[in-house]
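Work out the full structure: start from the sequences and follow the hints.
Listed in order, the protein sequences are those of chains X and Z.
Counting in our numbering, the first sequence runs from 1 upward without gaps.
Counting in our numbering, the second sequence runs from 1 upward without gaps.
It is worth saying that the hints were derived from the structure and are not from the lab.
Here the structure is a predicted model, which is why all the values come from computation and not from measurement.
Take every hint as true, because none was put in to throw you off.
Where chains are identical, the list cannot tell them apart; a pair therefore holds if satisfied intra-copy or between any two copies.
Within a straight-line C-alpha distance of at most 30 Å, the following computed BS3-like cross-link-like pairs (lysine-lysine) qualify:
(1) K360 with K37
(2) K12 with K37
(3) K110 with K172
(4) K19 with K357
Protein chains: 2
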Amino acid sequence: MEYYLDNAATTKISESALKAYIDTATTYFANPSTNYKAGQNAKLKLEETRDEIAKILDVSSNYIYFTSGGSESNSIILSSLLWNNSPGEVIISKIEHASNSEFARILKEKGWKVSTIDAPQGFINPNKLKSMMNDRVRMVCLQYVNNVIGSIQNIEELVKIVRLKEKEYNRKIHFHTDAVQALAKIPFSLKELDVDSASFSAHKFHGPRGVGILYTRLVNQQPLSKAGGQERGVRGGTENLPAIVAMSVALKEQLGTTTIKPSCYDRIYDLNLYLRNNLHTHLLSPRGNYSPYILAFSVAPFPSEVFTRMLNDKGFYVSSGSACSNNVKAKGESILKAMNYSSELSKGSIRISLCDKTTKEEIVAVVNEINNLYDSVVR
Amino acid sequence: MEYYLDNAATTKISESALKAYIDTATTYFANPSTNYKAGQNAKLKLEETRDEIAKILDVSSNYIYFTSGGSESNSIILSSLLWNNSPGEVIISKIEHASNSEFARILKEKGWKVSTIDAPQGFINPNKLKSMMNDRVRMVCLQYVNNVIGSIQNIEELVKIVRLKEKEYNRKIHFHTDAVQALAKIPFSLKELDVDSASFSAHKFHGPRGVGILYTRLVNQQPLSKAGGQERGVRGGTENLPAIVAMSVALKEQLGTTTIKPSCYDRIYDLNLYLRNNLHTHLLSPRGNYSPYILAFSVAPFPSEVFTRMLNDKGFYVSSGSACSNNVKAKGESILKAMNYSSELSKGSIRISLCDKTTKEEIVAVVNEINNLYDSVVR
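This is the structure in structure tokens:
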């Protein structure tokens, strides 16, 4: 028996998304940048899909760009700063995905000041941000839903601070948010958030790998390279139409077409509540403002690696830390430390992440298994 | 009736590659960066596929990195120069794909000298390269097979010049080649070419969109951002395993497993010869050292846009210039000018590009149609 409970790492592509991939690859195989009928049909399909996604996100299609995924969406925004020949300052949280935080190194190398802001218990203090703002800041990069513990940042309030400072300094300040763990997970409105740009990834919501969205309303967004000029110069390379259409199908499947609240949100919320109410372990996820799709806890003083392996061996697929970071040793752990969790609690951290397919039976089974193991080895 | 003759723009994914995509997406859906069995199985599949591709290319698997495509492979190499804080010089041909040539702007902005080398009739003069070499050159970036006319650059000879200069200056000089139109099209050996890095794209040989290969034997290749650290830090983002496996299947389908000469090469060569011998139009492709998969000719003084549209209307899908460049106005034309073709010939350029599925009947039909049109409107 296998229980897949690592949906924040990746989700399985849905049957209808896979079908859309196959249909599109077969029917619309021509290059959308060509002028003959087959190419123009592919181009039409591409723009139809952009319109559909824009409608779901309730924004202009002009602000939607297709990329190869969340990491690339983030990279396009961060690397664009390198065009700037008078380096300024970037404020970035200490709990970002590596695709953002990795840019700190090169920006510093190029003379930028990179100021990091911590997030005690997963939340950035708006007053802290306010106190860090100054007229050299060119970009603020703060994650929306944290991938390790599921905390939802109050982006709206944080953006308001930046907008006020923009007026004070009479200068544009770019607010970027990595919203990869938000789309099709929690209800939100890009308009209300008022961010300048946001990143999304299809494989986090049962779409295919290798495709994502960059939302940016800075229409003169200058990427590092335009390459072939596709995606209005923001992301070059032949458009991955089969994956783009499949992503749109997966998104509609999770959200319907008129709202951005996932149709299974309430059920997932209840499953998360069951985990919270029944696990004997130490809760790391916050008690309010959290995504129900992610639950982090600690089995300290037991090390998570060993505990996770025992769970894995019994078919419960959960993560210690975040998947993307197993390559960057102990990254999840360092993010928990940036949240002011003790080293001991951080070292014992485990993440369960759900999806629309997750059943009550699976959740009951994993709770029983974790409690049995925890009670026997830790208590 | 439709005749798809624009395979240099993109090819249709093969049935077996599509099947491999579906199977992999379904069976190996876990994130390869996770530690449980499903994730480790995905990781094994990823490394098996890397080994298979390395074997076909007859190089170490350590030199094979999976990317989102040819454009990204090129970008990883070019953008890595930005780490260098003492800007040097880059020599780049005037006939590169936009994903390379676009970097000229930012490199210049960052203090680099960008020296461009022309390619009369599609070929770079080795003596010209020799005369341009100096001890400030850090990278030489020269395309292998040109996407507009199909000329095959004598990379081996060009690399030798650079290697000799390396010894003379006692300093490493990176030689990068965009080999997107070479793989599964012409026989070659990466070892014999002796390049430091090369780019490949799956959708040019009946693999899926959104996946490619970066070959680089510089194991300390520093990308602009490591993101999540996947692909040994060279290309971040969750690995697109279904597309990677499908790419490998498509490659094996074109090449078999032990050679890098396409199994249909001789047949395509004959089809190309038929085009050369029977078209009434002005040949732009070279008479020697060409890829049989690409044939360019000019219908001058008739403008190619109008001529192409007439062909397209009759179901013959051919390109004026290159697909990737319809977004960057008249790019194909400017590449032809960099090859010393007259403005008139360039403005009348049309490209036919073949694939293993192209039949003699299609080629005979397109030749008849072009000759009829050309004879009636031009002569």
